[in-house]
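The listed protein sequences derive, respectively, from chains H and E. In terms of the numbering used here, the first sequence opens at residue 2 and continues consecutively. In terms of the numbering used here, the second sequence opens at residue 2 and continues consecutively.
If you're looking for bench data, these hints aren't it; they were derived computationally from the structure. Please note that the accuracy of each hint is not assured.
No copy is singled out in the list; a pair is fine if it fits within one copy or between any two copies.
[To be verified] Think about it this way: if two alpha-carbon atoms lie no more than 27 angstroms apart in a straight line, the pair counts; the simulated DSS-like pairs of lysine-lysine are:
#1 LYS54 x LYS114
#2 LYS212 x LYS339
#3 LYS78 x LYS22
#4 LYS468 x LYS452
#5 LYS16 x LYS54
#6 LYS103 x LYS193
#7 LYS38 x LYS16
#8 LYS22 x LYS69
#9 LYS375 x LYS38
#10 LYS38 x LYS213
#11 LYS154 x LYS88
#12 LYS14 x LYS92
#13 LYS54 x LYS14
2 protein chains.
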Amino acid sequence: MLNKEIFNKLVDKDKEIVIYKHISAVLEFDLETAGSKSSGEERAIQLALIAQKVHSLETDKNMLSILKELGVSESKKEGFGESDFEKALIKNRYKVYLRNSKIPNEFIGRKEKALSLAYDKWVQARQTENFPLFAPLLKKVVALEREEANFIKEEGQGLYDALLDSYEEGMTSAKLDKMFGELEPKLVEMVKKYSTKSIKDDFLYKNYDKKKQEKFALGILKDMGFDMDRGTLSLAIHPFTSTLGSDDIRITTRYSDPSLIDPLSSTIHEGGHALYEMGASSGEIKGTSLGEGVSMGFHESQSRFYENILLRSPMFWNKYYERLQETFPENLANISKKEFVEAINIVKPSFIRTNADEVTYNLHIILRYILEKKLIEGTLSVDDLPDEWNKLFYKMFNLKVDRIAEGCLQDVHWSSGLFGYFPTYALGNLYSAQIYNQMIEDFGGIVLFEKSFEEKGLLPISEYLNKNIHSKGGLYTPEILIKRITKKALDGNYFTEYLNKKLFTLTN
Amino acid sequence: MLNKEIFNKLVDKDKEIVIYKHISAVLEFDLETAGSKSSGEERAIQLALIAQKVHSLETDKNMLSILKELGVSESKKEGFGESDFEKALIKNRYKVYLRNSKIPNEFIGRKEKALSLAYDKWVQARQTENFPLFAPLLKKVVALEREEANFIKEEGQGLYDALLDSYEEGMTSAKLDKMFGELEPKLVEMVKKYSTKSIKDDFLYKNYDKKKQEKFALGILKDMGFDMDRGTLSLAIHPFTSTLGSDDIRITTRYSDPSLIDPLSSTIHEGGHALYEMGASSGEIKGTSLGEGVSMGFHESQSRFYENILLRSPMFWNKYYERLQETFPENLANISKKEFVEAINIVKPSFIRTNADEVTYNLHIILRYILEKKLIEGTLSVDDLPDEWNKLFYKMFNLKVDRIAEGCLQDVHWSSGLFGYFPTYALGNLYSAQIYNQMIEDFGGIVLFEKSFEEKGLLPISEYLNKNIHSKGGLYTPEILIKRITKKALDGNYFTEYLNKKLFTLTN
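Isolated chain H, as found in the complex:
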């Protein structure tokens, strides 16, 4: 029998850690949206202080003694407690304890500060297309990531796998190699098949009034079930979702691109993340470390489900296109729904990951996965990165990278120390297609699914996701969660089947 009094101590301590993490999120959100020009350096110090505080709470003697009183030991690390909540919290806290207590507290502060400098230089280097400016900083980040991986890796675990596991528990490079190895040729094949067709899409890049765009996107967010009392939509330089409190979940968007679909899809994408956070922050797990998305891959599955599977589907625009046309008659009056849906599903290799279509997107990820793995394993040096990137890019996309800002300097991730994070974007796509397949089955087949959407809109879909995924928060590992929902392990074929079916239908 679990000692409830001790368990409650663990819950309290866990909640305190979460409060500090929310405070971190406030510091980051504020820096991104409202900071003064000179505030960056000092904010990094503030963030480092909170990160060190979190690390202390996660690894102090008090934490260990609570966990030991609950029964954990080196030889038995999980299986304590009766409810899923108890089991997951004890298991996770011990896992974090074991991992993070191997990281010295001073390292946390040192890393935060180095990352802040690296980020600043990356911004400059990208603007001025000057890789040598960034290279020394990136070397430092790679060294720090390797240092951290060396701290935390378990016996027999590779350096890259140790980092990967922090973002996607249970995932390994062996599994990724297999999955991505099967995926890549299929995607290359699809690019060949679908990118040749010439489809008109110039109307997407005309001038669209920003206020009207915002109103339209907000309408969809509300239809999705985004709770305007517990969240906000605001402007920022980059679109992102941030949880600043259990009831304070914010998404940001930007309208800088002269495009209708980029701001809309990124708002709906972030809306998917926000729904997950709102749903996870409920019931007994609210305010605990389990009250959030279980993994980065699962998180991305939710954002991409709304952004791609729904927002780029013919079904979606059967319901919404009239409203869109009425909002922007000046650009869309003469564009048919069919033309519009074809335009937003164009398959075309391009340089920038964030602008990629659904087919080429995962190729961008596979490329990054291959390179970052080598960087961490020490088989690729930072100085050779641009050349390696360009070579591999040419091989996969048949395009020559001329500008480094469109090559290996395009993404913020490496400057922010997010090694092992990129694969979760592709995993998100794979999860989402497998979940979609199951959802259709659970709605009684595609006809009933589409009928439900026609009659009741997005809400039944959001409710399905909430019930099966969002409300579960971090109770189950990604591997267990996908099996609970779909009765199968993650399988990349659902994704290629989904895409092939959609593209075939659209082009025939």
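Based on these hints, arrange chain E on the given structure of chain H.
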């Protein structure tokens, strides 16, 4: 000789405390400007956690041992170190240690949470003009303030004086009684003398384009020397200044009033606070607890100097009126500079403190001082507050309060536990006039002062304030600082002389 190594430990610890205070400021700024509707309660918990952390750092054994190693003891509390910086930091830290170690850590959290609830209810009560809704919460706040005063008061010190000293070191109710006692009849006399004149001011309350207002105000802020790299101006429900980092000092404004002068004067007011914070955050005191305004009264002296002494002076508009007229020809083309300056200096008793003119403003403060002192001393009950307010208001202003939102529910301060804070507003006015008098002398007399302004604008004035006040931060107590600048103790007569001279000139 001071042990520098130990002193540096104190500096490091002090800076850590300041970082946590900046983090608090971020949490508050974000709540005011960007929080979701449901975020308040949880933000209060976050703030309480940081407040408790600050309290722990201020009062832990490590702090005491550092201070003792530097020489402090119950019998000798100051005078350690060679430089003013060393002396002030050691003295202040020991003072804070002695005071705050008498407050239990649990009290800090309890108070923060109670204040958050009280604030929410105050907002509701003011909106619905329902005092009984707020009364139980205000009783709780008064009880908490009394509890805190009982913890921190020194031997022989009254409860109210213990609170007052936290905002204005060295100030006592005995001194205030004397100063306010002399001031009140003079102000009442001035109201009688100047409020009878009928002056046209309807043009101030026409429609003024907000973008143009912002541009005009930003122009003045820049002329004042507001560093746009180290600060921002943004929108919020209330105008305020907040220091979120040594290089991240923000002011907010609002344009909700259909008035030209309210938003402008409040922006310039906050600009005065911001200049003080920017100036104090420099040199060796930057990033320490001395790198900020020395007291609330001195802070207010800087904001009011710009807002009233400069912005409401004929001299100011000699330079700026043409620009204002050109910005708003639709409303000001036919208004002469003289008419404009008269209009912004109208003396007229009214209900709302924040809208009050320079003469009646201090009367509003004296009224609050009298009442809050009684509440803390226990000679006035919360239930009797509205009646007492209305009676005293009638006596001082010859106006009958009909709406409680225009009476004792108008200010946020009491709901936020700011007892002992109101007097600093009046002190700010008094300091500012005395500093102004000295400034004229140091510029070589009024003629040369006005010539300097005509030729060089606001910057030499800001430089004077920076050199004599801002850059000194918290190195000297308010009492010492005013003497260093003006060679005299604070004397309320400078204020009434300044006002009488201006109003006499304007009306003759």
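* To do: If the cutoff is 27 angstroms on CA atoms, where do LYS212 and LYS339 land: within, between, both or neither? Let me know, please.
  => within (26 angstroms within a copy, 43 angstroms between copies)
* To do: State whether the alpha carbon distance between LYS16 and LYS54 is at most 27 angstroms within one copy, between copies, both, or neither.
  => Answer is both: 14 angstroms inside a copy and 16 angstroms across each meet the 27 angstroms cutoff.
* Asked: With identical chains treated as interchangeable, where does the CA-CA distance between LYS22 and LYS69 reach 27 angstroms or less: within a copy, between copies, both, or neither?
  -> within (24 angstroms within a copy, 35 angstroms between copies)
* To do: Pop the pair LYS14 and LYS92 into one bin, within, between, both or neither, using alpha-carbon distances up to 27 angstroms.
  => within (15 angstroms within a copy, 36 angstroms between copies)
* Within, between, both or neither: LYS54, LYS114 at alpha-carbon 27 angstroms -> Close inside one copy (15 angstroms) and across copies (22 angstroms); limit 27 angstroms.
* Asked: 27 angstroms Cα cut-off: does LYS103 pair with LYS193 within a copy, between copies, both or neither?
  -> Answer is neither: 48 angstroms inside a copy and 75 angstroms across each miss the 27 angstroms cutoff.
* What label fits LYS38 with LYS16 when the C-alpha limit is 27 angstroms: within, between, both, or neither? -> Only across copies: LYS38 and LYS16 sit 22 angstroms apart there, 33 angstroms inside one copy, limit 27 angstroms.
* State whether the alpha carbon distance between LYS154 and LYS88 is at most 27 angstroms within one copy, between copies, both, or neither. => Answer is within: at 23 angstroms inside a copy they meet the 27 angstroms cutoff, but 50 angstroms across does not.
* Given identical chains, is LYS78 near LYS22, meaning Cα to Cα at most 27 angstroms, within a copy, between copies, both, or neither? -> within (25 angstroms within a copy, 39 angstroms between copies)
* To do: Give the relationship of LYS54 and LYS14 under a CA distance limit of 27 angstroms: within one copy only, between copies only, both, or neither.
  => Answer is both; intra-copy 12 angstroms and inter-copy 15 angstroms each pass.
* Given identical chains, is LYS468 near LYS452, meaning Cα to Cα at most 27 angstroms, within a copy, between copies, both, or neither? -> The answer is within: 20 angstroms in one copy meets 27 angstroms, while 74 angstroms across copies does not.
* Asked: Is the C-alpha distance from LYS375 to LYS38 at most 27 angstroms within one copy, between copies, in both cases, or in neither?
  -> Close neither inside one copy (36 angstroms) nor across copies (46 angstroms); limit 27 angstroms.
Taken one by one, the earlier hints fail for this structure at numbers 6 and 9, listed in ascending order.
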